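Asker: Here are the chains, one letter per residue:
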Amino acid sequence: MSQQPLKGLVILEFCQYLSGPSAGLRLADLGARVIKIESPNGDACRKLAIEDLWVDQDSLLFHTINRNKESYTANLKDSLDLDKIKKLIRKADVMIHNFRPGVMTKLGLDYEAAKLINESIVYAEVTGYGAEGPWSKKPGQDLLLQARSGLMYTSGTQSDPPVPFGLAIGDIICGAQLVQGVLAALIRVKKTGKGAKLELSLLESLLDFQFELLTTYHTSGKLPQRSESHGGHALLGAPYGIYETADGHIAIAMVPLKSLGSALDAQELMSYDQSDAFAKRDEIKGVLADLLKTRSSEYWLDRLRKADLWAMPLTNWQELVSSPGYKAQQMEQVVSGDLKTTRCPIRINGERIYGKQSAPQLGADNRKIEKEFGLV
Amino acid sequence: MKLLEDILVIDFSQFLSGPSASLRLADLGARVIKIEKPGSGDICRQLYVSDVKIDNDSTIFHAINRNKESYAADLKNADDLKRIKQLLAKADVVMHNFRPGVMKRLGLDYESVKSYNSSVVYAEINGYGSEGEWKDLPGQDLLLQALTGLPYLNNDATRPPTPMGVAVVDILAGTHLAQGILASLYDRLNSGNGALVQVSMLESALDFQFEVLTCFLNDGQQLPKRSEFNHAHSYVAAPYGVYKTMDGYLALAMGDIRVLSELLMCEPLRNYPDPKTWFKERDAIKAELANHLATDTTQYWLSVLEPADIWCAEVLNYEQLLEQEGYQCLDMELMVKTTSGSSVKTTRCPIRVDGQLLTSDIGAPGLGFHTDIINDEFLI
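Residue numbers (my numbering), protein chains in the order written: chain P, 1 to 376; chain E, 1 to 380.
Source of the hints: derived by calculation from the structure; they are not laboratory data. Check before you lean on any hint, since a few could be wrong.
What the hints assert, rightly or not - Straight-line C-alpha distance at most 20 Å; calculated PhoX-like pairs for lysine-lysine:
| id | chain 1 | residue 1 | chain 2 | residue 2 |
| --- | --- | --- | --- | --- |
| 1 | E | 76 | E | 104 |
| 2 | E | 276 | P | 47 |
| 3 | E | 2 | P | 191 |
| 4 | P | 327 | E | 135 |
| 5 | P | 280 | P | 258 |
| 6 | E | 76 | E | 53 |
| 7 | P | 47 | E | 53 |
| 8 | P | 222 | E | 104 |
| 9 | P | 194 | E | 2 |
| 10 | E | 53 | P | 280 |
| 11 | E | 135 | P | 306 |
| 12 | P | 115 | E | 2 |
| 13 | E | 135 | E | 225 |
| 14 | P | 87 | P | 77 |
| 15 | P | 115 | P | 190 |
| 16 | P | 197 | E | 53 |
If you're wondering where the values come from, they're calculated on a predicted model, not measured in any experiment.
Modelling step: build the complete structure from the supplied sequences, incorporating the hints.
Answerer: Below is the structure:
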């Protein structure tokens with residue numbers, strides 16, 4: 001029984017910001033030893049604060065993404081440092097980078113070079129737009145990828161301007177795909193001794209993320225149409241969406257119209273046929289919205305849940321974290337330095353996985369690593 | 001050799017969360033057999049979207065289930081159940097997304113399967129974990145978005161709370177499940193032991209928000225505030241947002257207001273020289289920028305900003321995206337053939353391995369199409 005399935009693996013993370021480092025965090029939580037290779041200036045995320053929140057000299061944001069890792073500084077343009085890095089690659093199982101295309105080749109640290117040093121290395125690179133093509137040199141920043149990938153036309157209503165996701169979905173989803181690729185490659189290494197090169201981009205990850213919408217678009221040739229109101233999902237009919245009640249909001253997911261009308265005691269909804277759910281989506285949502293405004297969330301939820309229909313009150317974070325259902329998950333952990341954050345969402349053998357080592361100071365592990373790996 | 005060659009995955013899951021995980025395992029080389037209820041199958045087959053169908057199944061079913069086999073079995077029928085157990089005895093991975101307790105009642109829970117397949121990796125997704133007051137609620141994407149506060153992060157503050165328009169919680173929970181499965185398969189090669197992997201959509205939705213929730217948990221629990229205008233991220237200063245131009249929309253990421261003021265020749269921005277004000281004054285700054293950017297075309301602004309390495313992009317819809325060389329050169333589209341011979345255009349796996357795209361022209365299976373073939377092959 002092990003909660004650390006990746007124990008013993010050494011991963012070198014030549015990454016900044018979120019896409020690569022979020023993958024490094026997951027691998028670390030699953031038991032791998034993750035060493036951040038940082039320039040003497042460090043991961044730029046160290047200086048990128050949100051809400052002006054800092055832990056020592058580094059941003060809280062950096063601490064959130066890089067807990068449970070070690071830090072080794074090297075100037076990759078210095079030949080002595082580069083030699084040390086190559087020695088480290090010899091002992092590593094995985095290396096991940098998210099430099100723009102061409103940078104690692106110039107440094108002599110591309111896959112071909114790494115493979116000569118370590119035949120079984122799993123080498124993964126993350127770019128914004130892939131290694132080739134007219135966009136390959138463009139900055140791989142999340143909002144820009146959301147803009148180019150069509151994603152901004154999936155949320156909100158038809159009269160809204162393009163609506164971005166309010167989180168860095170491109171970085172997160174690409175990081176998640178990266179972890180899958182690395183782990184699958186490690187399985188082959190174990191069986192054959194043969195390493196692998198993995199290439200991912202935020203753009204391809206965001207296209208994969210929209211695979212349902214894109215497949216539907218390829219089939220119908222029609223652009224996804226957001227609802228006129230109560231937008232939930234461009235491809236889904238009424239009632240799917242979030243509605244205002246007398247005292248808050250409730251979300252209603254896929255629910256057959258007759259069942260909905262019956263549960264809410266709404267004759268007007270009963271008059272629609274299920275085949276109208278998409279064609280008359282705006283009209284039906286309008287009828288429902290007028291009705292739901294008249295009573296409290298609790299009143300409607302009680303009726304919907306009694307009929308086993310899919311509904312949920314809209315909850316803000318304050319309400320969420322004070323609820324027993326949230327507390328039962330034991331999702332929070334305090335990492336050293338008194339910083340409260342969330343844990344890995346995966347449970348293995350019934351055990352939750354915590355990783356309470358705080359993020360490293362820049363170069364904190366240089367000495368230890370040089371000695372341990374015989375770099376000097 | 002494919003990365004997951006010779007790995008057999010038996011997948012009882014429906015809809016999106018579990019099936020998106022097994023799709024990725026199939027892309028990476030595993031063999032995935034869907035176990036479906038005779039007659040109706042995976043409920044996703046009937047989840048018609050935009051009223052578009054392929055082979056009488058929904059388009060999204062085809063997107064999610066390409067490159068898989070379908071085995072029809074009634075889990076309440078003793079003969080079928082016996083055959084399923086014979087199949088599970090050969091499986092490397094078993095996965096499901098039933099509500100808590102269902103697999104136990106069927107005698108197909110981890111402890112039961114482990115008794116005859118000791119090294120199985122058994123993976124389950126549910127909505128809210130197996131403890132707590134919410135455990136029996138339906139695990140559906142929009143409901144999880146609502147419960148975890150996600151709609152308060154999107155769209156302008158003047159607009160209602162707005163959910164993300166892709167089933168992001170399902171998809172992320174699927175990636176987390178695949179991660180747990182793969183890590184456990186790796187561990188099994190060392191230890192010989194199987195594992196139980198559990199993911200809930202609730203925990204996945206919280207993990208998705210780990211950066212901003214950590215902020216919330218350490219700032220005295222202040223709720224996020226969306227921008228009044230041109231909103232993109234509650235925690236990022238101006239100019240971060242999407243702006244209307246004379247002929248379209250322009251996304252502007254993090255940038256220096258002083259530099260923008262000069263490059264765009266936008267006088268009013270000169271009133272904000274201090275970077276410390278760019279968060280607090282973001283609505284005022286965005287309003288000035290919005291007025292200014294509306295006066296010329298997207299291409300014009302790009303021609304000014306991109307050479308100066310300002311992070312910006314034109315906003316594209318699918319039709320415009322598909323015309324771009326930057327999209328076409330990715331070769332992201334995949335043609336597959338369903339078991340009834342229909343061609344479906346979909347997207348491929350986003351991971352390249354050893355310089356190769358991971359593609360397969362095998363489409364989604366008809367319900368129970370492979371039942372007899374699998375019975376013969378596994379002698380069951």
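Asker: With reference to the structure, classify each hint as holding or not holding.
Answerer: Status of the hints after comparison with the structure:
In summary, the hint linking residue 76 (chain E) to residue 104 (chain E) is supported, as the alpha carbons are separated by about 13 Å, within the 20 Å threshold. A C-alpha spacing of about 14 Å is found between residue 276 (chain E) and residue 47 (chain P), which places the hinted pair at or below 20 Å, so the restraint holds. For a cut-off of 20 Å, the pair hint linking residue 2 (chain E) to residue 191 (chain P) stands: about 11 Å separates their Cα positions. Using a Cα cut-off of 20 Å, the hinted pair residue 327 (chain P) and residue 135 (chain E) holds, with the two alpha carbons roughly 13 Å apart.
For the hint linking residue 280 (chain P) to residue 258 (chain P), the alpha-carbon distance of about 15 Å falls within 20 Å, and the restraint holds. Proposed proximity of residue 76 (chain E) and residue 53 (chain E) is contradicted: the alpha carbons are some 30 Å apart, above 20 Å. Using a Cα cut-off of 20 Å, the hinted pair residue 47 (chain P) and residue 53 (chain E) is violated, with the two alpha carbons roughly 50 Å apart. Note on residue 222 (chain P) and residue 104 (chain E): the hinted pairing is violated, with a Cα-Cα distance of about 44 Å set against a maximum of 20 Å.
Of the supplied pair hints, the one linking residue 194 (chain P) and residue 2 (chain E) holds, its CA atoms being roughly 11 Å apart against a limit of 20 Å. For the suggested pair residue 53 (chain E) and residue 280 (chain P), the alpha carbons sit about 18 Å apart, so the restraint of at most 20 Å is met. Our distance criterion of 20 Å between C-alpha atoms is met by residue 135 (chain E) and residue 306 (chain P), whose separation comes to about 16 Å. A C-alpha spacing of about 19 Å is found between residue 115 (chain P) and residue 2 (chain E), which places the hinted pair at or below 20 Å, so the restraint holds.
Between the alpha carbons of residue 135 (chain E) and residue 225 (chain E) the distance comes to roughly 30 Å, so the proposed pair goes past 20 Å and is violated. With a C-alpha separation of about 16 Å, the suggested pairing of residue 87 (chain P) with residue 77 (chain P) holds against the 20 Å cut-off. As the CA atoms of residue 115 (chain P) and residue 190 (chain P) are separated by approximately 16 Å, the hinted pair is consistent with the 20 Å bound. Annotation: proposed proximity of residue 197 (chain P) to residue 53 (chain E) is violated, straight-line Cα distance about 38 Å (limit 20 Å).
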